[in-house]
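Enquirer: In order, the protein sequence lines correspond to chains A and B.
Take 1 as the starting number for the first sequence in the working numbering and just add one per residue.
Take 1001 as the starting number for the second sequence in the working numbering and just add one per residue.
Derived from the structure by calculation, the hints contain no laboratory data.
Mixed in with the good hints, there may be bad ones.
[What the hints assert, rightly or not] Across the chosen pairs, the derived CB separations fall in these ranges:
(1) Pro1088(B) / Thr66(A): 42 to 48 Å
(2) Gly1089(B) / Thr205(A): 27 to 33 Å
(3) Ser201(A) / Pro1038(B): 54 to 60 Å
(4) Gln1085(B) / Leu232(A): 35 to 41 Å
(5) Pro1038(B) / Pro248(A): 58 to 64 Å
(6) His164(A) / Val1045(B): 19 to 25 Å
(7) Gln50(A) / His1083(B): 55 to 61 Å
(8) Gln251(A) / Val1045(B): 52 to 58 Å
(9) Gly1041(B) / Val263(A): 48 to 54 Å
[Said to hold, decoys possible] Covered, in the sense of this in silico footprint (three residues per stretch, anywhere, with C-beta under 8 Å from a C-beta of chain B), are these stretches of chain A:
(10) 27-39
(11) 116-130
(12) 204-210
(13) 250-260
Beta carbons are placed, not taken as given, at the ideal position from N, Cα and C, and that holds for glycine.
What follows is each chain in one-letter form.
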Amino acid sequence: MNRLGTLWLALACATLPLAGQEAIQTPAATLPGLGSVVLREQVRFFHADQDPTTQREEIDELQSLTTLTIGYEPDVALGVTVPLAWRSFVEGNGQERDQLRTGDVRAFAKWRFYREDTAAIDTTRAAMLAGFMLPTGEGTSLRPGFSDDSFDPFLGVALTQIRHRHGLGLAAEYRLSTSGHADLFEGDLAYLYRLEPAEFSTTSTSAFYGVAEVNLYYETNGDVEALLAPGLMYEARTFTIEFGIQIPLVQELDHRAEIDYGVTLGMRVTF
Amino acid sequence: MRRSRHRILPGLLLVFLAAACAAPSPGTQGGQNFSEQPLAGTAAVLEVKGLACPQCATNVDLQLKSLPGVSDVRVDLGQGLVHLQLSPGLQPSPHDLAERIRAGGVTLVAVRGE
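Full structure from sequences and hints, please.
Expert: In structure tokens:
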């Protein structure tokens, strides 16, 4: 963790002065307008060859994350995320199985406490995130924090900066397990580059972005995971389509399976 | 140690909620500098900062369209301008516009009547 933590902090500090838009895996300090609603649906697929903790093999997991966020005040949004997962695997005795499970529902508030708009496009924003995981889930997952069978509070911060074609996102979150399981720290760093258009014009209604993210997960049971997540994002006036992959950079896991890769396809719609 | 951590994070959450409810919003002061006199013409141009992205422009668009007297909104991402068509007799004030712009998450710099 020390080496990874230092690397993450160094990356964050080095890129802070640059510092968009919400990336695919990294929370941003962006909110829906007052009274507006954003519906975000992400489908994530993960594969692991084996899980030494359950003796399962050839594990495929398809997750659905449905998030509804409402602009409650000009700088406060309330939201809820409902996770669902379908898993297919081979048991230790060779029997193939699949299961459908709900995950822990995430209820959160986001407070944008800092906003400095410096030009037509350029802005720097910071927001705090806080909330609870509700004990609605069951079963194990290839991803940390899917189900913990307890009311787990979490607190985090997100920084977003946009300068011309460049966007930077930085987020950190700590989730406390109240059921005696491991606490979870998640650190995310995202860089977005607007591929098209190079310059917004008077008739611009959409943009196409390249995204590069690093997602770090540290659990107090000692498990550490860092994923590299490149992707593409198309943003129109009322919707965004996102596609990304996650490739393991570091996996030192003793309490869950190591994934081979992850794929994310998502969509956001503003009402 | 574990028990004290169980108290710290929920405590921080309470502080977060109290601060979020009590703190003045960033940009609040900007809206207070604009006139409360209704605009005179049937069109206006708003100069704004922090539009950031196409979906951010929609936040502004939705806020202004819900304001009585605003009949049409066109956001120019390239120039950071918002073009408004106003209904005669129902024109909003620059202060009203600034409040809606703030609710859309960007900063109003100037209001120009046409």
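Enquirer: Give me the numbers of the hints this structure contradicts, sorted from smallest to largest.
Expert: 3, 13
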